[in-house]
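Novice: Chains as they are written, first to last, in the numbering used here: chain V, 1 to 650; chain B, 1 to 270; chain D, 1 to 99.
The set of hints was computed from the structure by calculation and includes no laboratory data. All values reported here derive from a predicted model rather than from experimental measurement. Note that CB positions come from ideal geometry on N, CA and C, so glycine has one too. Treat the hints with care, since some could be wrong.
[As the list claims (entries may be wrong)] Per label pair, the in silico range of CB-to-CB distance:
#1 D:V64 <-> V:G617: 32 to 38 Å
#2 B:Q176 <-> D:A85: 28 to 34 Å
#3 B:R27 <-> V:R610: 37 to 43 Å
#4 V:T630 <-> B:R27: 23 to 29 Å
#5 V:R610 <-> D:R86: 31 to 37 Å
#6 V:R610 <-> B:L102: 22 to 28 Å
#7 B:E142 <-> D:R86: 42 to 48 Å
[What the hints assert, rightly or not] Facing chain B, according to a computed beta carbon distance under 10 Å, are these residues of chain V, among others:
#8 A170
#9 V171
#10 A374
#11 L376
#12 Y622
#13 R624
#14 Q625
#15 G632
#16 L634
#17 G635
#18 I641
#19 W642
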Amino acid sequence: MTMQTLSLAPWLVATPLIGAALLLLVGRRSDRWGHWLGVLASTATFVIGLVILLDMLAADPDQRVGVHTVASWIDVGPLQVDVGFQVDPLSMTFVMLITLVGSLIHLYSVAYMSHDRDRRRFFAYLNLFVAAMLLLVLADSYLLLFVGWEGVGLASFLLIGFWDHHLPNAVAGKKAFVMNRVGDMGLIAAMMLMLATFGGVDFSTVLGSAGAADQGTTTAIGLLLLLAACGKSAQLPLQAWLGDAMAGPTPVSALIHAATMVTAGVYLLVRSGPVLEAAPDAQLVIAVVGALTLLFGAVVGCAKDDIKKALAASTMSQIGYMMLAAGLGPVGYAFAIFHLVTHGFFKAGLFLGAGSVMHAMDDDVNMRRFGGLARLLPVTAITMGLGWLAILGVPPFSGFYSKDKIIEAAFVGEGWRPWVFGTVALLGAGITAYYMSRLFFMTFMGRRRWVTELAGGAGREGGSDGTPVRHPHESPWLMTLPMIVLAVGSVGLGFALNAGERFVHFLEPVTGHAEHHDPVLPIWLIITLTLTLVAAGLALAFVQYAMRPVPTTPPPAPAVVRAARVDLHQDDVNEAVVMLPGKVLTRSLVFADRTAVDAGWLGLAGGVGRFGTWLRGLQSGYVRQYAAMTLGGLGVIVLVIWLFSGQGAS
Amino acid sequence: MSGGEEVLFWVLAPLMVIAAAGLLVVRRAVHAAVCVVFVMIGLAVLYVAQEAPFLGIVQVVVYTGAVMMLFLFVLMLVGVDAADSLTETIRGQRWIGVLLGLGLAAVLLGVVAQATFPPSVGLEQANAVTNPVALARVLLGEYVVAMEVVGILLVTAALAGLVLTHRRRLGKKPTQRALAEAKVALLPTGRHLTPLPAPGVYAQNNAMDTPALGPDGRPLDHSVPRVLRIRGQQRSATELLTAEETLVERRQGSDDVAPARSDRPEEETR
Amino acid sequence: MDLVNYLYLASILFALGATTVLLRRNAIVVFMGIELMLNATNLALVTFARMHGDITGQVLAFFVMVVAAAEVVVGLAIIVTIFRARRSASVDDVNLLKS
Chain V
1 MTMQTLSLAP
11 WLVATPLIGA
21 ALLLLVGRRS
31 DRWGHWLGVL
41 ASTATFVIGL
51 VILLDMLAAD
61 PDQRVGVHTV
71 ASWIDVGPLQ
81 VDVGFQVDPL
91 SMTFVMLITL
101 VGSLIHLYSV
111 AYMSHDRDRR
121 RFFAYLNLFV
131 AAMLLLVLAD
141 SYLLLFVGWE
151 GVGLASFLLI
161 GFWDHHLPNA
171 VAGKKAFVMN
181 RVGDMGLIAA
191 MMLMLATFGG
201 VDFSTVLGSA
211 GAADQGTTTA
221 IGLLLLLAAC
231 GKSAQLPLQA
241 WLGDAMAGPT
251 PVSALIHAAT
261 MVTAGVYLLV
271 RSGPVLEAAP
281 DAQLVIAVVG
291 ALTLLFGAVV
301 GCAKDDIKKA
311 LAASTMSQIG
321 YMMLAAGLGP
331 VGYAFAIFHL
341 VTHGFFKAGL
351 FLGAGSVMHA
361 MDDDVNMRRF
371 GGLARLLPVT
381 AITMGLGWLA
391 ILGVPPFSGF
401 YSKDKIIEAA
411 FVGEGWRPWV
421 FGTVALLGAG
431 ITAYYMSRLF
441 FMTFMGRRRW
451 VTELAGGAGR
461 EGGSDGTPVR
471 HPHESPWLMT
481 LPMIVLAVGS
491 VGLGFALNAG
501 ERFVHFLEPV
511 TGHAEHHDPV
521 LPIWLIITLT
531 LTLVAAGLAL
541 AFVQYAMRPV
551 PTTPPPAPAV
561 VRAARVDLHQ
571 DDVNEAVVML
581 PGKVLTRSLV
591 FADRTAVDAG
601 WLGLAGGVGR
611 FGTWLRGLQS
621 GYVRQYAAMT
631 LGGLGVIVLV
641 IWLFSGQGAS
Chain B
1 MSGGEEVLFW
11 VLAPLMVIAA
21 AGLLVVRRAV
31 HAAVCVVFVM
41 IGLAVLYVAQ
51 EAPFLGIVQV
61 VVYTGAVMML
71 FLFVLMLVGV
81 DAADSLTETI
91 RGQRWIGVLL
101 GLGLAAVLLG
111 VVAQATFPPS
121 VGLEQANAVT
131 NPVALARVLL
141 GEYVVAMEVV
151 GILLVTAALA
161 GLVLTHRRRL
171 GKKPTQRALA
181 EAKVALLPTG
191 RHLTPLPAPG
201 VYAQNNAMDT
211 PALGPDGRPL
221 DHSVPRVLRI
231 RGQQRSATEL
241 LTAEETLVER
251 RQGSDDVAPA
261 RSDRPEEETR
Chain D
1 MDLVNYLYLA
11 SILFALGATT
21 VLLRRNAIVV
31 FMGIELMLNA
41 TNLALVTFAR
51 MHGDITGQVL
61 AFFVMVVAAA
71 EVVVGLAIIV
81 TIFRARRSAS
91 VDDVNLLKS
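Throw the hints in and build the complete structure from the sequences for me.
Specialist: Written as structure tokens, this is what we have:
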């Protein structure tokens with residue numbers, strides 16, 4: 001039985017795109033109802049996706065891959081690119097994640113942004129974001145994927161810098177955009193290589209013939225794709241934009257971290273699986289990058305006091321897990337996507353919870369001024385708590401199933417690799433437990449580090465010891481409802497999808513069937529070790545942040561912590577490694593341009609000018625001189641004619 | 001090619017060249033015009049000699065008769081006597097001009113000398129029906145359109161001449177009364193109501209440069225045209241009267257008649 | 001006598017006319033130089049007509065005369081106008097072409 005609903009695929013992209021276009025073009029007239037149009041567009045997309053998914057599930061597993069070609073896009077000789085939509089289990093997984101989580105975030109934003117006069121524009125950008133991401137995952141060629149890829153970059157730029165009246169926000173948007181461009185160069189270069197090697201950029205051509213290609217070429221393509229993925233997914237060394245991207249409104253952060261944007265890199269790598277399998281070296285580099293980022297994000301997350309930045313670091317770390325899994329080959333692809341889906345749910349829940357906390361605390365993000373909020377924000381506390389347990393990997397929450405699989409897969413292999421990657425994954429789980437518990441305890445447990453009223457009736461920030469005045473309250477139902485839905489996903493999704501390895505089998509038409517290998521350690525030992533480390537991290541955080549009082553200002557700390565507080569000096573490294581040499585290069589180029597190129601041309605221009613000035617002297621205005629010149633010219637002409645043609649006659 | 005024509009050519013050609021060269025060296029424009037007239041008449045003669053009698057006549061009528069007269073009119077308008085300074089004001093222009101002229105002459109002469117011409121045919125056959133008729137047949141047959149166009153051109157040129165030289169009247173046209181009143185108003189400044197006195201008429205002299213004598217016997221300076229006075233070409237009355245007296249004395253000596261001119265005025269010179 | 005002599009004469013007259021244009025400052029004399037050049041060509045045309053036994057040369061000369069007459073009218077009118085405005089007939093005084 002084949003899929004009947006394949007032709008609906010273009011509407012997945014078109015619906016939110018139309019929503020965005022309407023909202024942007026109708027303008028202020030739609031201010032009153034624009035946000036509901038945005039929600040409607042997003043939800044409608046989800047419904048369309050659901051219809052296609054149900055149809056797909058009804059089809060035979062070998063019939064679940066389809067391409068719906070809409071039109072021919074580029075038709076130049078040997079290069080043929082169509083506008084086509086790839087509908088298969090992988091893309092549909094992403095469609096469901098993006099549209100479901102996206103719709104929930106849309107709903108949440110209705111309340112969260114209710115006081116913003118530009119709410120309609122915000123929803124237009126959200127719709128654009130969803131549309132671009134859907135185009136990215138549904139494209140049937142790298143070139144069309146690139147369109148979505150750039151659309152995601154544009155939408156993230158617009159949303160991160162949404163409150164661009166405040167300069168740092170605009171700068172953060174620009175930073176995200178510029179760092180993404182670096183990755184984009186990788187994708188462009190990869191496409192060039194594909195075109196040169198395989199003669200096409202559509203998935204069927206490239207992935208079909210990747211195995212037969214030269215290994216050096218596939219390695220190069222793989223590394224370039226990795227560069228692209230690093231840019232979008234905030235992996236080392238292009239991770240610096242993610243923390244600053246918290247400048248955007250919190251729903252945007254949730255969208256970027258859970259459903260769109262950062263997952264694009266993982267999607268790209270999993271989609272390009274056949275290419276990577278033909279390039280073991282590239283796979284190794286991907287796994288190394290994933291492992292490094294995993295640790296990097298975890299370390300940074302431990303030191304952040306900003307609730308959103310701590311979550312951002314956590315995202316970086318979790319994406320690191322996915323990259324690590326993607327670098328492990330077919331055995332890891334399904335787990336990478338599995339973790340991506342569960343992570344999408346609990347990270348969206350965590351971010352929305354953080355938004356709810358900020359909503360309650362007058363947009364404060366510093367966890368050192370939170371504390372004891374569990375009683376006042378019960379729904380937020382419970383939903384975030386469930387998300388917290390999920391990301392920790394506590395059974396039977398979602399994170400346990402997905403993360404544990406990745407850790408197990410990391411231990412599979414021969415030589416040094418399983419030991420190194422496995423240990424890193426294990427360590428990461430422990431550190432994750434620590435910093436996520438720290439976040440939860442600092443926010444919801446412990447003593448209140450704020451007051452509802454000052455004795456002297458001073459201003460909001462008026463406490464003599466910096467204790468702020470707050471009036472926390474639970475968020476409206478429009479905000480809590482999405483959080484509850486996401487929390488339910490965080491709890492049950494892992495179990496539901498893992499039952500009978502359902503999800504892995506679902507993805508098999510795309511990722512291919514992976515032979516089962518036993519890890520170098522017994523599975524029960526791995527699980528035990530993981531849970532032990534998680535428990536240790538949790539306990540440490542509980543002792544530090546729930547039992548002992550938390551200072552409202554960061555206490556003096558060893559160098560490692562100080563470095564982690566400033567993102568392990570990532571910006572300084574970027575400036576020293578990239579910006580300064582670049583500056584020197586451009587300066588010297590400018591100098592060379594001025595002294596050599598410009599001087600040459602200016603000299604030429606000056607020469608022409610001087611010649612003209614001299615020539616102008618001939619323009620005396622005296623008719624007789626002009627007549628003399630005319631006569632001289634005539635004489636020359638007659639002479640030439642005489643000499644060159646008259647000779648023959650004489 | 002008769003011998004007569006050859007003689008004619010060798011007589012006329014050097015003269016024409018000399019006249020044309022005169023254009024370069026004479027100082028007064030009138031003299032230049034005379035030189036050109038000479039060249040043109042010479043050309044007319046040569047045309048007639050070259051079996052083009054019609055053109056010869058037209059040359060005389062149009063060029064010498066009309067064009068050159070037009071030149072002379074304009075010269076008179078501009079100032080017939082003004083002599084040009086032949087000193088060159090643009091640096092190097094003289095040498096450039098001379099060199100270019102010589103170069104042009106050399107090139108043209110060289111071209112003519114180099115060229116190979118077919119044996120002369122002569123126009124006896126073409127002029128069989130007389131030259132004007134033959135000319136008219138071509139002109140009004142083959143070239144009739146060009147002829148009409150040239151006619152239009154001439155009309156346009158005439159109009160252009162009118163328009164270019166037309167002066168717009170800036171004020172109201174003065175009436176006769178206004179002119180008379182203006183003259184009367186100017187009397188105190190020494191102007192005349194009447195026309196100026198005519199130059200003097202003497203026994204032996206009757207010319208523009210001789211002043212008339214007033215009722216009081218004094219010479220009237222303003223009876224001589226202003227231009228002559230300014231140029232100093234006026235003859236003094238004394239000189240004339242002396243000449244008259246000499247004549248009278250001579251007559252006296254022969255005829256014994258002595259007219260007494262004791263009341264001769266003191267001569268007045270500029 | 002060779003008819004070429006007429007052509008030599010025409011060449012010399014033409015060159016003299018051209019030189020007049022270059023050397024004389026009085027606009028009227030310059031104009032006479034131009035007339036001289038036109039006449040020289042006419043002589044050449046008449047000579048060619050005789051050489052080839054074709055009356056067309058004379059027709060051309062005739063046209064040259066007519067056009068020259070038109071040109072003289074306009075040219076002299078311009079000279080008169082300039083003279084009225086500037087009290088001078090020197091071509092060097094009319095150097096407004098500069099700048």
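Novice: Tell me the hint numbers this structure goes against, listed in increasing order.
Specialist: Going through the list in order, the structure violates hints 6, 8, 9, 10, 11 and respects the others.
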